[in-house]
Amino acid sequence: MNKEIFVELRNVRKTFGEVVALDNVNFSVRKGEIRGLLGENGAGKSTLMNILYGLYRPDKGQIFIEGKEVKIRSPFDSIKLGIGMVHQVSTLVPEFTAVENIMLGTPEDKFTLPLKKESNRIKKMAEELGFEFPLNVKVRELSAGVKQKIEIVRALYRGAKLLILDEPTTSLVESEFQQLLKSLKMLVKKGVTVIFITHKIREVMEACDSVTVLRRGKVQGTLERNEMSKENLVKLMFMEKEIKVNESALPKVELPEVEKSKEPVCIVKSIEVEASEKTPGLKNVSFEVYGGEIFGIASVSGNGEKELAEAMIKPSILKSGDIIINGESIKGLPTLKVFSKGVFYTPEDRIKEGILPDGSIKENVLLGHHAEKRFLKRNVFIDWNEVKRVSERVVRDYNVFTPNVEIAIRKLSGGNIQKVIIGRAFVNPIDFLVTHNPTSGLDISTVEFIFKKLVEIRGKGGAILWINEDLDELMILSDRIGVIHKGELKGIFNRDEFDKYKIGLLMIGG
Amino acid sequence: MSEKKDKKILGSFLRNISAYLIAILLAFGVFSILVALMGFDVFKALRTLTTTSFKSYFGFQETVKKTIPLIFTTYAFNIPFMIKFFNIGGWGQMLMGGAVATVVGLSLAPLNLPAIVLIPLLLISGILAGGLFALIAGYLKAKHDINPIISTIMLNFVAALFVNFVATAPPFKDPLEGHPITKPLPKSATLPFIGGIPSSIIFAILAIIFVYILIKKTRLGYEITAVGYNLFAAQTYGINFAKTIMLTFFIGGALAGLGGALEIMTIHGKLIEGFAKTSGAQYGIFGVLTCLIVGGNPIGVPIAAFLMSVLLVGADALQRTMQIPVELVFLSQALIVLFIVVIRKKFSVRR
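Chains as they are written, first to last, in the working numbering: chain W, 724 to 1233; chain Y, 42 to 392.
By construction, these hints were calculated from the structure, which means they are not laboratory data. Owing to the predicted nature of the structure, the values given are computational and were not obtained by experimental measurement. Fair warning: there could be bad hints in the mix.
Said to hold, decoys possible - Which chain Y residues stay away from chain W? Per the calculated CB distances, all over 10 Å, these:
#1 S148
#2 L169
#3 M195
#4 G219
#5 I243
#6 L261
#7 F273
#8 I280
#9 I384
What the hints assert, rightly or not - In the DSS-like style, the derived pairs of lysine-lysine whose C-alpha atoms are separated by at most 25 Å in a straight line are:
#10 W:K1134 x Y:K386
#11 Y:K258 x W:K1060
#12 W:K1064 x Y:K257
#13 W:K1096 x W:K861
#14 Y:K96 x W:K1060
#15 Y:K318 x W:K1075
#16 W:K1064 x W:K992
#17 Y:K387 x W:K1060
#18 W:K1134 x Y:K257
#19 W:K1042 x Y:K228
#20 W:K884 x W:K908
#21 Y:K387 x W:K1134
#22 W:K975 x W:K953
#23 W:K905 x W:K1225
#24 W:K1100 x Y:K284
#25 W:K1111 x Y:K258
#26 W:K923 x W:K754
#27 W:K1223 x W:K923
#28 W:K1037 x Y:K284
#29 Y:K284 x W:K1054
#30 Y:K284 x Y:K224
#31 Y:K125 x W:K1075
#32 W:K1054 x Y:K258
#33 Y:K257 x W:K1111
#34 Y:K284 x W:K1042
#35 Y:K125 x W:K1134
#36 Y:K258 x W:K1096
#37 Y:K85 x W:K783
#38 W:K1075 x Y:K224
#39 W:K1075 x Y:K85
#40 W:K846 x W:K803
All residues carry an ideal CB built from backbone N, CA and C; glycine is no exception.
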């Protein structure tokens, strides 16, 4: 390959307060290639691309496009230079249709929108990429995968010659990922350059022509397709750490034989949750989870898995059916009462639902335990000394990297925040853990740590309901996997029946 | 490490102080320009504004007199504000507290109860009246999702009319007064001045301690703080949002109601239409401003309330001695808040 360079970043440095996010980064991409940008969380991938897109300003450094130095002060500048970015989370206006979203803020967005004329053009653009999506349906009714396609078309409609995809696979299932790959190949043929940000080695191996690996704000190296191997990439990503990985480049954790409890710890009896605009709710879902078992739930986001998690700790949302914990019905109980039966929960969105960002680690560990006798004096006052003692134990047992427990939790990294959230679940001995996407977006060493914790709890006879977006992960650790699609439990697989394609097919209703 | 931490704390402290100083200087700058444009002596005006409270004992007494009700209305706003709700009804809750305390005091007057019974009784009725009155707004938010800004503003009118009703009702009205004013409370229902300072200051101090303990030490305080930090997480982990809303409004209103009862029992000795005002403006609004100055931090409230009162006393003096309208001082107080809010945002934005 000897193509000309499309974009080049030279000596880019960016600091946030005392944290050096990018340290003298040099990065260049050739015209018409798919370049992977690989690294753990916090390695600086998104920061680097946000600089290129104009969302952040670098402390120093230069940007060249097709050999000419450019100044990018805002996304307005970068769009004019032919840079488009598709963010991890949809930035479409939910109440607008695809066409309205695509035209929003473009020169065509005049006093009135020439919707008809432009929708033909948009339709053609989409078809050329093999995309099919409804042009005149409100975006909020569409799935994450479809929204992503709309965002890609939007970038191209605005004349993007370089497309940055930030962790595009977060909410895609296997087949959608394959489809995305095909479209990207098509784009590249048309001369568009793609930068593909990810923390998953497997995706780089499948998707990219070359890859640049970042670690702690520094470029560790750039490999061409023929130099890429799992071992090389793991080494570049983690350097000093020795982590065993499986064929999907996930941490390898053994699942030892454990005797299951005779009686199930949790029985879910044909529960129903009301459907709404955003969710299909739950329809007649029944299963059991035994002690010493990890029961995985596989589903595409938005198919009722969130309601399932919620119903376990907030059974008042149930329309009918029952949930039995250790032989007792928890129907209608408030969350704190459910917790007192030996249940705890780690939510899907760790920042939004899991923590009090400005609260100290202490205040965060207390959350959910704040009505327990051990943390109260005379039932009214909080025993902050006890809270501190327990928080320090959590920090120690869960390797939370922090100087003390008084620090605001938002100052910790995502992995450390998740460790606090999981540590909080085990402040008391519990029988049943409901955990939703505990490893999402975390670096491989933290994922390994969390995997080991789950296995440890299982080994002690605990029951775990593990709802997870990543099927590869579920297959490593689950004893059984239940598949939920459109609010219905479509099937339960035993460990010896695990088959990625069979399960994946059920997940999308096939 | 600890030295570095000390430095950091000092750094953020200096940053905070300088934010306040800059805001105050900017506001005084605008004030000075306007004063100059109107043809007054700028330096004399600034001196009068800032030093009247400290030049004479009388000025200081006046300042304390304004600080006490202001502390109560500031907390009335502050506690619901901790969970991001605006209680604009501090004034109305204060009026209800004063009015109901007066009704109780006047109704019991024929029984000739001793002070030790009557005073706690009036205080408690003020607390309950303010608390329950605010609870209406809290309940409407919790159960029917009615915006408390709207409901509390509306309820202010209800309270003002209720005061008018009590002050003109035949059993209470003072027949000798032309204005709606009630008969005086029995002596055993009033609180004295001690050395020119109203003894209600004791209750203001108790309120400060109460709020501190509530927020920092109790389970309810923790729940309020948690909801304020992140509603979704608090709910996920079992904190009852509806209950928290209602309790914060009740506590805020109860403090305002106590403040209202104390105003009647200490300053006026009877219910007067349009009490709980200073220089013609309600204490409720100044409570909102004071709370915003300290950024919703309940510990800073007494200091900010005192400084606010210094300006209010200065404003009265300006009007009296230089004929500069008090509104000009209100303007600069509002500007201080605006500048502080803007500057604080600027400092906290990192990117």
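Hints versus structure:
1. The Cβ of S148 (chain Y) lies farther than 10 Å from every Cβ of chain W, with a closest approach of about 34 Å, so its non-interface assignment holds.
2. Look at L169 (chain Y): its CB is around 20 Å from the nearest CB on chain W, clear of 10 Å, so calling it non-interface holds up.
3. The beta carbon of M195 (chain Y) is kept farther than 10 Å from every beta carbon of chain W, the shortest such distance being approximately 31 Å.
4. The beta carbon of G219 (chain Y) sits about 50 Å from the closest Cβ of chain W, which is more than 10 Å, so the claim that it is off the interface holds.
5. The beta carbon of I243 (chain Y) sits about 24 Å from the closest Cβ of chain W, which is more than 10 Å, so the claim that it is off the interface holds.
6. With a least beta-carbon separation of about 8 Å from chain W, L261 (chain Y) fails to lie farther than 10 Å from that chain, contradicting its non-interface assignment.
7. Not every CB of chain W is more than 10 Å from the CB of F273 (chain Y) (nearest about 5 Å), against its label as outside the interface.
8. Consistency note on I280 (chain Y): stated as away from chain W, yet its beta-carbon is not over 10 Å from all of that chain's, at 8 Å minimum.
9. The claim that I384 (chain Y) lies off the interface holds: its Cβ sits roughly 19 Å from the closest Cβ of chain W, which is beyond the 10 Å cut-off.
10. Between K1134 (chain W) and K386 (chain Y) the alpha-carbon distance is near 19 Å, which keeps this suggested pair within the 25 Å criterion.
11. A distance of roughly 23 Å separates the Cα atoms of K258 (chain Y) and K1060 (chain W); the hinted pair therefore holds under the 25 Å criterion.
12. Using a Cα cut-off of 25 Å, the hinted pair K1064 (chain W) and K257 (chain Y) is violated, with the two alpha carbons roughly 29 Å apart.
13. Of the pairs offered as hints, the one joining K1096 (chain W) and K861 (chain W) is violated, with about 50 Å between alpha carbons and a cut-off of 25 Å exceeded.
14. Using a Cα cut-off of 25 Å, the hinted pair K96 (chain Y) and K1060 (chain W) is violated, with the two alpha carbons roughly 60 Å apart.
15. For the hint pairing K318 (chain Y) with K1075 (chain W), the CA-to-CA distance comes to about 42 Å; that exceeds 25 Å, so the pair is violated.
16. Proximity of K1064 (chain W) to K992 (chain W) is assessed by CA-CA distance (about 18 Å); at most 25 Å being required, the pair is judged to hold.
17. Our distance criterion of 25 Å between C-alpha atoms is broken by K387 (chain Y) and K1060 (chain W), whose separation comes to about 44 Å.
18. For the proposed pair K1134 (chain W) and K257 (chain Y), the alpha carbon gap of about 22 Å is at most 25 Å, so the pair holds.
19. The hinted pair formed by K1042 (chain W) and K228 (chain Y) fails the criterion: a straight-line CA distance of about 61 Å is larger than 25 Å.
20. Restraint check: the Cα-Cα separation between K884 (chain W) and K908 (chain W) comes to about 14 Å, which is no more than 25 Å; the hinted pair holds.
21. Distance restraint check for K387 (chain Y) and K1134 (chain W): the Cα-Cα separation of roughly 19 Å lies within the 25 Å cut-off, and the hinted pair is therefore satisfied.
22. For the hint pairing K975 (chain W) with K953 (chain W), the CA-to-CA distance comes to about 14 Å; that is within 25 Å, so the pair holds.
23. Proposed proximity of K905 (chain W) and K1225 (chain W) is supported: the alpha carbons are some 22 Å apart, at most 25 Å.
24. Pair hint K1100 (chain W) plus K284 (chain Y) holds up; C-alpha atoms about 22 Å apart against a cutoff of 25 Å.
25. Distance restraint check for K1111 (chain W) and K258 (chain Y): the Cα-Cα separation of roughly 14 Å lies within the 25 Å cut-off, and the hinted pair is therefore satisfied.
26. Only pairs whose Cα atoms come within 25 Å are accepted, and K923 (chain W) paired with K754 (chain W) is accepted, the gap being roughly 24 Å.
27. This hinted pair checks out: K1223 (chain W) and K923 (chain W) have alpha carbons roughly 17 Å apart, not beyond 25 Å.
28. Under the criterion of a C-alpha separation no larger than 25 Å, the hint pairing K1037 (chain W) with K284 (chain Y) is consistent with the structure, at around 17 Å.
29. Between the alpha carbons of K284 (chain Y) and K1054 (chain W) the distance comes to roughly 21 Å, so the proposed pair stays at or under 25 Å and holds.
30. Taken as a hint, the K284 (chain Y) and K224 (chain Y) pair is broken in the structure, with Cα atoms around 39 Å apart against an allowance of 25 Å.
31. Between K125 (chain Y) and K1075 (chain W) the alpha-carbon distance is near 17 Å, which keeps this suggested pair within the 25 Å criterion.
32. Among the hinted pairs, K1054 (chain W) with K258 (chain Y) is inconsistent with the structure: their alpha-carbon atoms are about 33 Å apart, more than 25 Å.
33. Note on K257 (chain Y) and K1111 (chain W): the hinted pairing holds, with a Cα-Cα distance of about 14 Å set against a maximum of 25 Å.
34. A distance of roughly 23 Å separates the Cα atoms of K284 (chain Y) and K1042 (chain W); the hinted pair therefore holds under the 25 Å criterion.
35. With a C-alpha separation of about 23 Å, the suggested pairing of K125 (chain Y) with K1134 (chain W) holds against the 25 Å cut-off.
36. Distance check on the hinted pair: K258 (chain Y) and K1096 (chain W) sit about 15 Å apart at the alpha-carbon level, within 25 Å; holds.
37. Among the hinted pairs, K85 (chain Y) with K783 (chain W) is inconsistent with the structure: their alpha-carbon atoms are about 50 Å apart, more than 25 Å.
38. At roughly 56 Å between alpha-carbon atoms, K1075 (chain W) and K224 (chain Y) are farther apart than 25 Å, so this suggested pair is violated.
39. Between K1075 (chain W) and K85 (chain Y) the CA atoms are separated by roughly 53 Å; this puts the pair beyond 25 Å, and the hint is violated.
40. In summary, the hint linking K846 (chain W) to K803 (chain W) is supported, as the alpha carbons are separated by about 23 Å, within the 25 Å threshold.
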